[in-house]
Structures are given as C-alpha cells and as structure tokens.
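Student: As they're listed, the protein sequences go chains A and B. Following the numbering used here, the numbering of the first sequence begins with 1 at its first residue and continues without gaps. Following the numbering used here, the numbering of the second sequence begins with 1 at its first residue and continues without gaps.
These aren't lab readings, by the way, just hints derived from the structure by calculation. No experiment lies behind these values; they were computed from the predicted model shown. Check each hint, because a few of them may be wrong.
One copy or two, either will do: identical chains are not told apart, so a pair holds if it fits within one copy or between any two.
[Stated by the list, open to error] Capping the alpha-carbon separation at 30 Å, the derived lysine-lysine pairs in DSSO-like fashion look like this:
1) Lys-93 <-> Lys-115
2) Lys-114 <-> Lys-48
3) Lys-216 <-> Lys-132
4) Lys-290 <-> Lys-167
5) Lys-163 <-> Lys-121
6) Lys-114 <-> Lys-21
7) Lys-371 <-> Lys-121
8) Lys-114 <-> Lys-93
9) Lys-153 <-> Lys-371
10) Lys-270 <-> Lys-240
11) Lys-153 <-> Lys-163
12) Lys-270 <-> Lys-290
13) Lys-388 <-> Lys-68
14) Lys-240 <-> Lys-68
15) Lys-115 <-> Lys-47
16) Lys-153 <-> Lys-7
There are 2 protein chains.
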Amino acid sequence: MNTNKLKNFARLAVEFGVNLKEGEDLLISSPIEEPRLARLITEEAYKKGARKVSINWQDDELTRLTYKYRSQETLNEVADWEIAKLDYQIAEKLSNRISIHSQDPDLLKGLDEKKIAEAIKVRSQATKKYVKYTMNDILSWLVISVPTEKWAKKVFPNLEKEKALEKLWQVIFDVTRIDEDWEITKSNWENHIETLNKKAKFLNDYQFDKVHYTSKNGTDLWVELPKDHIWMSAGSTNAKNDMFIPNMPTEEIFTSPKKDGVNGRLVATKPLVYNGLLINNFEFTFKDGKVVDFKAEVGEDTLEEMLNSDQGSRYLGEIALVAYNSPISNSNILFYNTLFDENASCHFALGKAYPTTVKGASDLKDEELSKIGLNDSLIHEDFMVGDKDLNIKGYKGEKEVDIFVDGNFAL
Amino acid sequence: MNTNKLKNFARLAVEFGVNLKEGEDLLISSPIEEPRLARLITEEAYKKGARKVSINWQDDELTRLTYKYRSQETLNEVADWEIAKLDYQIAEKLSNRISIHSQDPDLLKGLDEKKIAEAIKVRSQATKKYVKYTMNDILSWLVISVPTEKWAKKVFPNLEKEKALEKLWQVIFDVTRIDEDWEITKSNWENHIETLNKKAKFLNDYQFDKVHYTSKNGTDLWVELPKDHIWMSAGSTNAKNDMFIPNMPTEEIFTSPKKDGVNGRLVATKPLVYNGLLINNFEFTFKDGKVVDFKAEVGEDTLEEMLNSDQGSRYLGEIALVAYNSPISNSNILFYNTLFDENASCHFALGKAYPTTVKGASDLKDEELSKIGLNDSLIHEDFMVGDKDLNIKGYKGEKEVDIFVDGNFAL
Chain A
1 MNTNKLKNFA
11 RLAVEFGVNL
21 KEGEDLLISS
31 PIEEPRLARL
41 ITEEAYKKGA
51 RKVSINWQDD
61 ELTRLTYKYR
71 SQETLNEVAD
81 WEIAKLDYQI
91 AEKLSNRISI
101 HSQDPDLLKG
111 LDEKKIAEAI
121 KVRSQATKKY
131 VKYTMNDILS
141 WLVISVPTEK
151 WAKKVFPNLE
161 KEKALEKLWQ
171 VIFDVTRIDE
181 DWEITKSNWE
191 NHIETLNKKA
201 KFLNDYQFDK
211 VHYTSKNGTD
221 LWVELPKDHI
231 WMSAGSTNAK
241 NDMFIPNMPT
251 EEIFTSPKKD
261 GVNGRLVATK
271 PLVYNGLLIN
281 NFEFTFKDGK
291 VVDFKAEVGE
301 DTLEEMLNSD
311 QGSRYLGEIA
321 LVAYNSPISN
331 SNILFYNTLF
341 DENASCHFAL
351 GKAYPTTVKG
361 ASDLKDEELS
371 KIGLNDSLIH
381 EDFMVGDKDL
391 NIKGYKGEKE
401 VDIFVDGNFA
411 L
Chain B
1 MNTNKLKNFA
11 RLAVEFGVNL
21 KEGEDLLISS
31 PIEEPRLARL
41 ITEEAYKKGA
51 RKVSINWQDD
61 ELTRLTYKYR
71 SQETLNEVAD
81 WEIAKLDYQI
91 AEKLSNRISI
101 HSQDPDLLKG
111 LDEKKIAEAI
121 KVRSQATKKY
131 VKYTMNDILS
141 WLVISVPTEK
151 WAKKVFPNLE
161 KEKALEKLWQ
171 VIFDVTRIDE
181 DWEITKSNWE
191 NHIETLNKKA
201 KFLNDYQFDK
211 VHYTSKNGTD
221 LWVELPKDHI
231 WMSAGSTNAK
241 NDMFIPNMPT
251 EEIFTSPKKD
261 GVNGRLVATK
271 PLVYNGLLIN
281 NFEFTFKDGK
291 VVDFKAEVGE
301 DTLEEMLNSD
311 QGSRYLGEIA
321 LVAYNSPISN
331 SNILFYNTLF
341 DENASCHFAL
351 GKAYPTTVKG
361 ASDLKDEELS
371 KIGLNDSLIH
381 EDFMVGDKDL
391 NIKGYKGEKE
401 VDIFVDGNFA
411 L
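For reference, chain A alone in the conformation it holds in the complex (with noise of 0.2 Å):
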C-alpha cells in the first residue's frame, strides 16, 4: 500500500471531506483490522486545530458473535449512556463523523434475520432523532472505506489474501482520485467537484415534472419529482456554512422522487447487501409510489424484512443519476459495498429522503416533509438500476429532454 497515497486519503477526508475548521470535534468509526487511516486522520485533524477527535471501533467478528448469541431482548436494549453519548456527540458538539466502512459483505449470513432486523429498527427508533444531523446536513459527515480482509476476498475471490489486499488499496486509491502528490490530488477533486455541479445546475435550471426510466432488462419506471427539487452533487453545506463532501468516493447527482409519484418496473442491476446480508437479481413494482410486488433470486427474505421495517420503507427516497461510463463502473469490479457500487450505478433508495434536496425543507418537521412528498422512515438502502443500456428522459410540460442516453449522460 502506498503511504503516500495514504496520508493525501488523510489529508483528503479532513480537508476536503468534512472540510474540518479549528475548534471542532471529530467523531471517527473505523475498523480495528485496518487502523492506520484512522490514526493518521485523527492526526491530521489535531494539526487542523481540533478540540477533540473520538474513535468507535468496530470489529466485524464481535459484531457478529453479538447478533448470534445475544438474546433478543438485550440486542433491543439501548441503554441511557449510548443516548447521553449521542446527545454530547452528535446534538450538543456537532462533531464531524467520518465512517470508515468495510463490513464483510457475508457477516450475518446465516443467523437469525428477523432478530437481526428486529434489534436494528428498535435501535433506529431509539435513535431516530440524531439522524437529523447528517440527514438535513447539520453536521459535517464523510463516508468512506478501506480494505480489510474478508471484503477484499470478497471483491477478488482469486486473488490470496495479500494480493487482494494491494488490489483493493489501490483500486480504492484510483476511484478516489488520489495520486501520491498531494497538490494534483487536491486540483483532481477540485475539477471533480466543478463537473459534477455542471450537470447538477443544467437539471436543476430545467425542474423537471418526472422523468421516465427504461431499460432492456425491463425496467420502465415513472418518477414525479417534487416542486422545487435540488439535484444535489459531491458537496453539501453543514449547517455552519462550511462545503463538506459526504461520500468518497463520489460520482453521483441526486435528488428526492415525490413519494407517491413512482409507478412502474424497476430492476436492479447490482446485488445489495442489506444489514451484512446480501441481496441478488431482484426488482420491484411500483404504483403510486409503493412497492406493491417485488422479486429476489437471492435473499428474498431479507428484501421482505427491508420492505416491511416501518410504513416509509416500501417509498423511495432518492434517485441517483452515475454515467455508465465513470471511473468505477469501469473498473467492472463490484465492490459488495454501497459506497462504491453506488457511484458505479445510476441508483434510487428506499426509505427517508434528504430534506436538503427540496428548497427551504431542511428546515420543516417531519410532517410538513411528507406533505411536499419527502419520504420518511427509519432506513436509507441505495439499490443500483444503471446500466448500458438505461434511457432516461425528463420531462417539463409539453417538453420532453434525454438526461440519459444508453448509460450515459446525454446532457
């Protein structure tokens, strides 16, 4: 791995990530298989003047013995310490959260689904009210990944362990767009950022009323857009006004369909893996805005668990529009995690939309969200829908516009 590649990922994820300023606190979670990120962005970050950077370390391995011998009960018990944790955490320090993420694609395959999903959603309501703060943008917030063993033998069943390792370093390297020098590191994002918002402007100056998804595979998909719909790109802005770039990599333009505006087929074209449980060859029917038939080759069960977590979660709540020809769909790998197969894909998601992509939401409750036709619910779970053969077109009255020619921006 290249330690000089390494430290510009440091570098990057503070600077330009969560765009960290003097005085702020940073919130890490990471790994403990592959620490030295973590350590030198925590370095990094002290050097930029912060008050107090903090780690949760997650271990794959005990993640999993927890979901299998613990009782349902103490999975659900979410004790007072964790909401007081969160309350100084995230709503009174406001800290900048970069989650290094780089689960096992296969960690809970075998074990028991429903309690598995059970305890999830009870802890996501116990904690509903500090998904605000990345949701609206309140806080600064940053994904991204590094490699660890299982994932990479996952992503590269051929290669043995050290190999793969190298590989996926390196391949995670290139989609970031990080070169061992730090100033072309830092034009390569600048440009990055300049082109995604170009063609985020051009949709956002049309407004389209909806626009219509169709592809070989079956997919022919009718998405309303709301009134006033921002298609967001690489940077967001926290609610101190500072620029800060949410995922890492980042190919994507985003906004919210109109909850109740979606009716059609829609297949996927990448697997999911949903709560360390992978999902395969499946697709949804859509009638005003619901999921009212779905399929899956693989997992089916824990696509019916997803659909059925809470009244939001059969709604989309983003649609995501990534080239076929981008740099990580054309490195053909899949990447079993969302953080990559996302911006190798033209994507929606199901469940809570983000209030940052309606004008003046971001501000408004949670009812007042769901009559402009914002989605809520406890999950957030991008599926991939792109491929070479997608059209998409937007539509403004009596005008009808390509976004998207056979994969492709046409823009």
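Got chain A; can you put chain B on it based on the hints?
Tutor: Same frame as chain A, but now just chain B:
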C-alpha cells in the same frame, strides 16, 4: 502462536479468572492490535450464558496522539455520558471485567508529563467512586496480557518483530501455566492456587505485628501490619460470594501495611512503567509511613509526579511476597509490565490499600479505613523490591520468624 493454548487462555480467563456466571455481563478492554484473545473470550463468555459482552478497544497510537495534541482543558473533560456508562456497566450491572493490558512501555516518552499527570488525576477523581467495585472485590475482575509489537520488541530487543511476538506468546503461556490440554491447564491452576493458599494461611495464622526487610542492596525497612490483616493469594471472592482470580499469571501473597508504620530505606530492583513513562534504579526513605526522600537514575521527574499525586501517594498500600525462585522470576525476563514484573518479585505499592486485606474492612467508609491504618489515594502503583539477597523476618510479640531467606520463602 499455539491456537489450542490461546483457546485455553480464553477459557481460563472466563472460568477461573472472572468465573463468569449465567446472566452476568462482561466488559473487556483489549488492544486493537491483538484482538484474537478478546474475541475468543467473548465467545466463551456467551457460551457460559453471559447476558451482554462489551468491549472497550484501546489503541496505543491514538492514546499518544490524544496526550500529544489535546489541550489540558479537553484532556481534563470527563463527559456526562462517560459517567453514565460507568454507572450502567459497573455500578448497575456489576459487569465482570477483563482488562487485556499490553501497553508499549515507552508509549508516552517525550510528551508533557505534567499535562498527562494532571489529566489522569482529574479523571481518577471524577471516577473515584467506581474504584471500590474492583478494590473491594464487589465484582469479579481480571488483568491479563497479550503480546503487541512495541511491547514485544522492548522485552526482546534483539529479535525481529515476528520472533519477538512469538517468543512473548510462549513466555506468557508458560508463566500463566497454560497447556495445550484443557484438563492439564485446569489442574495446573487448581494446584497452584492450593500452594499459594497454604502459604497465605501460615502467615494469616501467625498474625505478625511487623516485618523487617533487609538486603545487600541497601534495603532496611520495618513495616507494621494492621490488626486482623489478611494475607490474600491468587483467589478473591466477589460480593456474590463467587471466587475469582484477579491476575493471571499470579505468584504473590499480599496484604496491606499499616499506613503510618513504615520506616527505613527501600531500594527498587526493577524498573517501573508509570502512565507510559519509565522509572528506573530508584529508592525511597520512609518515616512514619511517608516517603520523605527518594531518588531515581531514570525518570526522577515522573517519580516525583507520582509521589505528589495526592495526600496518600507517599504512603504504602500493599506489601506482597513472591519467591525469587518462581516461574516468572526464573525466566529472567524483564517485562516492563507490572502484571509480570510484580509476579516475579517481592513488591510494594504506593497508594490505595485493598480494603479486602483487613477482616471486615470491605464495608467501611474511607474515614474508617484510615483509622484502622489502610491508606487511601487515587493511585495504586506497584514497584519491585525482590532479589536473591532479600531477607524478611516476622515479629509477633517476642517471637522472631524467618519468612524469606535469600530471596525465597523459608516457611
């Protein structure tokens, strides 16, 4: 590293160490660098019916960054949620505690000692009320160690990293009496406990008024013992009346000195790592229990910081006997880790005395403990005084008895 021995280590820690019972909680602290034992302990605990196993992961490198970069103000900050966590895990759930201690002996070298000492003192004060749960054996607790790279290289500076780690694993398994076979491991410990108990019983039956330490290195110290003192050995008993073993390995028999009854010169025979800083070739002069003079060839400032921690930090809180001819001592290895070094050598501790070492004292308040001669302090720091020339005599009224002759038990 021998995986059978590792499994037996985990089983030993759960069954003999904390002696975990069904429905109890377990709280582990472990270095992220060597998570295998913590994972095996977790699984073993769940198999024994643990309700909930939690882990506090430690990372030396982050600890160093924390002390290096944070301001005194933020280092001194103890957040409400941290107290709430202790309230829940320690005071409410009485979690069994297993601390896997494997710190780099030079961890904090070169940093601001005063800043670190103040931060540790403030935190100790804020969390003082939770100390009794271990010091009074209210819950079961256990300290063990696993090799980590910097520690292994400090112990075996001439070996390469992998060899140093492997060697340290071997030594830890050996001195902890762990065999590849569980039944042998089990009987090793049953026999060892019995042997230590016999020695403790002899001393307890005698109830010496005072003991006299002399050695060719200059040690000449009188230590009075409190009325009804108890010499403890390997096993302790928690508030539920379950036996547990707080240290693995353990070779010591210990009690408390009478706070104001210590007089003379005491020369340390091994280095001490205090808060990540090394102190070496040091000695003390005591008058009426108090350290009135001291010197150290290495780390004299650190020693001074330690002695000035609070009102009780210049008085002794523990007196412990370990034969010069015993497994850890015979290994001739300097571990720079108190768990091992204290069990290789007769030692004392400066600071708080264990209330469990005087009959009926566990239920007494701080003021009452002081009256019967037990010292109170925020610190409890062991330091080694054993060598091949150490003689210890016990005095009961007119009677003089050899306890140690030439470094070994004369009982």
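Student: Up to 30 Å between alpha-carbons, please classify Lys-270 paired with Lys-240: within, between, both or neither.
Tutor: Neither: 37 Å inside a copy, 55 Å across copies.
Student: Go through the copies and call it for Lys-114 and Lys-21: within, between, both or neither, with a Cα cutoff of 30 Å.
Tutor: between (42 Å within a copy, 28 Å between copies)
Student: From the Cα coordinates, with 30 Å as the cut-off, is the pair Lys-115 and Lys-47 best called within, between, both, or neither?
Tutor: Between copies only: 18 Å across chains, 44 Å inside a chain, cut-off 30 Å.
Student: With identical chains, the pair Lys-371 and Lys-121 could be close in the same copy or across copies; at 30 Å between alpha carbons, which is it: within, between, both, or neither?
Tutor: Close inside one copy (25 Å), not across copies (55 Å); limit 30 Å.
Student: Using 30 Å as the alpha carbon limit, work out where Lys-216 and Lys-132 are close: within a copy, between copies, both or neither.
Tutor: Cα proximity of Lys-216 and Lys-132: none, with 38 Å in one copy and 70 Å across.
Student: For Lys-290 and Lys-167, with the copy left unspecified, which applies at a CA distance of at most 30 Å: within, between, both, or neither?
Tutor: neither (41 Å within a copy, 62 Å between copies)
Student: If the cutoff is 30 Å on CA atoms, where do Lys-153 and Lys-163 land: within, between, both or neither? Let me know, please.
Tutor: both (9 Å within a copy, 28 Å between copies)
Student: Between the shortest in-copy and the shortest cross-copy C-alpha distance, which are at most 30 Å for Lys-163 and Lys-121: within, between, both, or neither?
Tutor: Neither way: Lys-163 and Lys-121 sit 38 Å apart in one copy and 47 Å across, limit 30 Å.
Student: If the cutoff is 30 Å on CA atoms, where do Lys-153 and Lys-7 land: within, between, both or neither? Let me know, please.
Tutor: both (24 Å within a copy, 26 Å between copies)
Student: If the cutoff is 30 Å on CA atoms, where do Lys-93 and Lys-115 land: within, between, both or neither? Let me know, please.
Tutor: between (33 Å within a copy, 24 Å between copies)
Student: At 30 Å max between alpha carbons, let me know whether Lys-114 reaches Lys-93 within a copy, between copies, both or neither.
Tutor: between (35 Å within a copy, 27 Å between copies)
Student: What label fits Lys-270 with Lys-290 when the C-alpha limit is 30 Å: within, between, both, or neither?
Tutor: This pair counts as within: shortest intra-copy Cα distance 21 Å, inter-copy 72 Å.
In summary, the structure is inconsistent with hints 3, 4, 5, 9, 10, 13 from the numbered list given earlier, while agreeing with the others.
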